[in-house]
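Student: Use the sequences and the hints to build the structure in full.
Going line by line, the protein sequences match chains A and B. Position one of the first sequence corresponds to residue -13 (this note's numbering), numbered consecutively onward. Position one of the second sequence corresponds to residue 162 (this note's numbering), numbered consecutively onward.
No lab work stands behind these hints: they were computed from the structure. Computed from a predicted model, the values in this text were never measured in an experiment. Fair warning: there could be bad hints in the mix.
Quick list of simulated restraints, FRET-style, between CB atoms [said to hold, decoys possible]:
| hint | chain 1 | residue 1 | chain 2 | residue 2 | range |
| --- | --- | --- | --- | --- | --- |
| 1 | B | 362 | A | 575 | 50 to 56 Å |
| 2 | A | -3 | B | 181 | 53 to 59 Å |
| 3 | A | 356 | B | 648 | 58 to 64 Å |
| 4 | B | 438 | A | 571 | 28 to 34 Å |
| 5 | B | 619 | A | 0 | 34 to 40 Å |
| 6 | A | 442 | B | 609 | 30 to 36 Å |
| 7 | A | 571 | B | 648 | 43 to 49 Å |
Positions of the beta carbon are idealized from the N, C-alpha and C atoms, including for glycine.
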Amino acid sequence: MAQNSQTMYLAIVLAPLFGALLAGFGGKIIGRVGAHTVTIIGVAIAFGLSAMTFKGIVFDGGPIYDATLYTWGVIEGVHLEVGFRIDELSSLMMTVVTFVSLMVHIYTIGYMHDDPGYQRFFSYISLFTFAMLTLVMSNNFLQLFFGWEAVGVMSYLLIGFWYQRESAIYANLKAFLVNRVGDFGFLLGIAAVLMYFGSLHYATVFETAPLLRELTIQVFPGVNWSLMSVICILLFIGAMGKSAQMPLHVWLPDSMEGPTPISALIHAATMVTAGIFMVARMSPLFELSETALSFVMVIGAITALAMGLVGIVQNDIKRVIAYSTLSQLGYMTVALGASAYAGAIFHLGTHAFFKALLFLGAGSVIIAMHHDQDIRNMGGLRKYMPITWITALIGSVALIGFPGFSGFFSKDLIIEAVHHSELPGAGFAYFSVLAGVFITALYSFRMYFLVFHGKERMSASVRSSLRETPGVVTAPLIMLAIPSVVIGWMGIESVLNGELFGHSIMVLPEHNVLGPIAANFHSAGGFVLHGITGAPFVLAMAGVGVAWYLYLVRPELPERIKQSFALLYNVLEQKYGFDRFNEVFFAGGARGIGTVLWRGGDAAIIDGLVINGSARTVAWLASVMRHIQSGFLFHYALAMILGLLVMISWFVIL
Amino acid sequence: MLADIPLLSLIIWAPILGGIWVLIAGGERNVPTARVIALATSILTFLLSLPLYTRFDLSTADMQFVERMPWIAAFDINYHLGVDGISMPLVILTTFITVIVIISSWSVIKQRAAQYLAAFLVLEGLMVGAFAALDSILFYVFWEALLIPMFLIIGIWGGPRRVYATIKFFLFTFFGSVLMLVALLYLYAQGGSFAIADLHQLPLSLTEQTLIFLAFLAAFAVKVPMWPVHTWLPDAHVEAPTGGSVILAAVMLKLGGYGLIRFSLPIAPDASLELSGMMIGLSLVAIVYIGFVAIVQPDMKKLIAYSSISHMGFATLGLFIAFRIFADTGSMAGAGMGVQGSLVQMISHGFISAAMFLCVGVMYDRLHSRDIKDYGGVVNTMPIFAAFMMLFALANSGLPGTSGFVGEFMVIMGSFKANFWIAFLAGLTLILGAAYTLWMYKRVIFGPVGNDGVAGLSDVNGREILFLVLLAIPVLWIGLWPAPLLEILQPSVENLLQQIAVSKL
Chain A
-13 MAQNSQTMYL
-3 AIVLAPLFGA
7 LLAGFGGKII
17 GRVGAHTVTI
27 IGVAIAFGLS
37 AMTFKGIVFD
47 GGPIYDATLY
57 TWGVIEGVHL
67 EVGFRIDELS
77 SLMMTVVTFV
87 SLMVHIYTIG
97 YMHDDPGYQR
107 FFSYISLFTF
117 AMLTLVMSNN
127 FLQLFFGWEA
137 VGVMSYLLIG
147 FWYQRESAIY
157 ANLKAFLVNR
167 VGDFGFLLGI
177 AAVLMYFGSL
187 HYATVFETAP
197 LLRELTIQVF
207 PGVNWSLMSV
217 ICILLFIGAM
227 GKSAQMPLHV
237 WLPDSMEGPT
247 PISALIHAAT
257 MVTAGIFMVA
267 RMSPLFELSE
277 TALSFVMVIG
287 AITALAMGLV
297 GIVQNDIKRV
307 IAYSTLSQLG
317 YMTVALGASA
327 YAGAIFHLGT
337 HAFFKALLFL
347 GAGSVIIAMH
357 HDQDIRNMGG
367 LRKYMPITWI
377 TALIGSVALI
387 GFPGFSGFFS
397 KDLIIEAVHH
407 SELPGAGFAY
417 FSVLAGVFIT
427 ALYSFRMYFL
437 VFHGKERMSA
447 SVRSSLRETP
457 GVVTAPLIML
467 AIPSVVIGWM
477 GIESVLNGEL
487 FGHSIMVLPE
497 HNVLGPIAAN
507 FHSAGGFVLH
517 GITGAPFVLA
527 MAGVGVAWYL
537 YLVRPELPER
547 IKQSFALLYN
557 VLEQKYGFDR
567 FNEVFFAGGA
577 RGIGTVLWRG
587 GDAAIIDGLV
597 INGSARTVAW
607 LASVMRHIQS
617 GFLFHYALAM
627 ILGLLVMISW
637 FVIL
Chain B
162 MLADIPLLSL
172 IIWAPILGGI
182 WVLIAGGERN
192 VPTARVIALA
202 TSILTFLLSL
212 PLYTRFDLST
222 ADMQFVERMP
232 WIAAFDINYH
242 LGVDGISMPL
252 VILTTFITVI
262 VIISSWSVIK
272 QRAAQYLAAF
282 LVLEGLMVGA
292 FAALDSILFY
302 VFWEALLIPM
312 FLIIGIWGGP
322 RRVYATIKFF
332 LFTFFGSVLM
342 LVALLYLYAQ
352 GGSFAIADLH
362 QLPLSLTEQT
372 LIFLAFLAAF
382 AVKVPMWPVH
392 TWLPDAHVEA
402 PTGGSVILAA
412 VMLKLGGYGL
422 IRFSLPIAPD
432 ASLELSGMMI
442 GLSLVAIVYI
452 GFVAIVQPDM
462 KKLIAYSSIS
472 HMGFATLGLF
482 IAFRIFADTG
492 SMAGAGMGVQ
502 GSLVQMISHG
512 FISAAMFLCV
522 GVMYDRLHSR
532 DIKDYGGVVN
542 TMPIFAAFMM
552 LFALANSGLP
562 GTSGFVGEFM
572 VIMGSFKANF
582 WIAFLAGLTL
592 ILGAAYTLWM
602 YKRVIFGPVG
612 NDGVAGLSDV
622 NGREILFLVL
632 LAIPVLWIGL
642 WPAPLLEILQ
652 PSVENLLQQI
662 AVSKL
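Tutor: Next up, the structure:
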């Protein structure tokens, strides 16, 4: 049995890898159709088997799998291994990842139809799927880090897919470096785990963790910090990079330079949620440090609120969605901080569907608009693109958390959970997630109205060619719209009663914020009814109403508001100045330090003063040495050979 | 029967004799013959070195494949060879890289091609000799002698400022070596033996140890190279022909790290402990300071040279954090992570730096420029090459799954045990390494076609693909499955740690 499941899990990981290798190395031979066929088959196999695994573990109560595949290395008795841990949490992630990936693969056939790098693109996204699966299926920190960096590299390659564009290759380098800042913290966290636990195997670490709860560590001499807090915060810095939490969020909006399918796959549904997944996976550690939980919650709250605000002033359709993603990742992070890990992963799941849907919908619009992404040039598209329109509407209402749609269930759960949290910072977080509901509704429907309703602002030539996109594009939209509606209904009960995650997530009784919600939960329908009477619903409707009034009824108003609040507008327009600061302080600073050390340190001081200045001293010293050693025959011989060769080569050179 | 074959001697002398044969057989008119002999010799030597691995006894830290003959009996100097888990991988690295260099030089060198190839073969034998020598004078002779072919390679086939670079290279290394000889003579005067194993046992006072440590350091720090005696390396690399850079970075720098492990640490353990703070400091300066310097280099070869110095900082750091852990905890438990990481880093850097220099060489052969600004958009005309260079650039940035990660990871893990801030500073390489490598990659490879030169580039040919593939294999292998390499290192490193944990005072 165990052997069978190991073969199956291996197949899940390796199928996309083989697809990627075939499309990558044999792209010329198997051609375009061959490339998308092999990669789609690979990912489809992975999805089918993942879904079976998910069903087997969550519904049929199958056993948890935790075993080593091979030993990466043994160092001083510490076994570093590559292996799988397949439980409720990882099987859910596998299913979500492979499903979205499959949809994106199909969609890409249409989106990248005319691109010369067709095979390369399929190879990359399949390879990404492989990397993401190794990350979520890992049973240890080392492999987690492998997958973590590998998805980062695939993101780097895909953002820079159109390598001739200066903006794309700027964005991908930026994304990689900012992620590396997070990884730097992450690696130190792993080092701390290895040092104190003597193992990188999840099960061992989680088991031992409660015993080390009281341990302290002196990062600064004389200052004792809780070991768990230090480890968790270091690990979370990694999550801040990957899941784009402030201030390491700066790479995500720029990553939109990549082709739209990868914005949906990597920068909305899967890779950016790796940080959220990681923290949920580490719940047995995070639960032991309220400091770390508070830190997580506050960072998430700031991100949720501040990034949503920026979304209001964006005019590039993909950037609006990108800031929305940042804000939603903030929601998930807040949930993690409140110990509502299940809520965070639930929102991760629903968000994966509706955000992938929104991105792919945006891609569909972009195709129709001949790659114009400015929403100010759109308007009234609903007439021309009915499928895109309806599915985008479904995605938008799911995003704002309209009762009954998937985003509602997960978001309301988070808001409620934060309300119950008693950790420091929970009050601020509660305010942020509530205010965020209004802001989300405002920017989402601003975009929706500007794109699909109102005046048709595009040029006549574009308008004449507007039409719905082909079936390979719209089919994934429909396929994603379905879960965007139903997944909340299906999931809410099992999230609350703990069936969905079983023991894969650990929550201490005093942090159990979902408990009171579960106690009052009777049915999904009741949850919806309760939602309609709640504050979030009112706020969301207010947001939609304001968007409707400002962008459909009185379209001249936004410009006037912009002028009256020029300062605020500029702050948002400049995204709070993070990019400028990083550009000047970090990028410029590093180049400045480098130049000073090179020209000043290496060239002027070491070479200029010390070396050239002491050249004569060296010669003198060497001659003295020679006298001291002149009694030895072998040295005479050596000196002769050397001297002879110096002379010969001198002769040859000149 | 097989055990009676003097394998190490064969690996040392076969390439030297092959080199002489190349010199005799291949004049200016007979270059094709010279190439074939050179390639055959290098492949034969590599094949000869493989039994060192296949017949290696993993259970012991003792020297294996030992050969011993009296050489200068009056001073008890012996022709004494042998390898353990520390030197054996370095020997195979040397024979492997030499094959790569011969292939890469195939049609590139136009002048005195036979002599060029012969120099590398002779150099190969001498380098293996230095790694395998168990007698300190034998080591010294190989160590000094191998300067000569390197000196000639840079001086004859180098770039326009080759004379300056050669003299700088020679002065730096020779000055250090002289001090090492003094130290060896002093040790002989004290213990009456030149055998390295005897030197390890020689009791010495702290003052003696400190002086000897510093004398050895003068030789080894220059070779590694450690800050601040590193400034010869960028100059030497820039002027050296591609093959010279490859050997220099891939193998010769390792002699410095190897020397520290074989001589400094076990001969002067108390001084190593005493001076470990300084050594860690210098290593961190190399990692961080040089990392910043690498970012702003306008010359690709210089950039990779600085990157080498920064990466070798991990090799020295890994060695000396062992002493910090020992000082803090009173035991060497946990120190093996750093020392093994240091060795893995050296071997991995051998492959990656070779690959990076060859990548620059591939472009240099076509456009005759090393300046980043002369390139841009190379991927448009050389897509296969761009893919290979991407792999090696990522390996150079320490990507998990490539060998570049393994050593850095282990050293950072080990450093954390010594001190949070050491790990913190060392960990900065994650950011700096990615910054200088990938920023260069962006400017050289990505983007629209930069100029007419780039527009006219032809992609890598079969020979170039061959050596790039040959290097990609170990880079990925060590990255995905370092266990076999770690198995080789483990007993010898453990033995070393036991040795240096015992005070000589």
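Student: Looking at the structure, which of the earlier hints fail to hold?
Tutor: none
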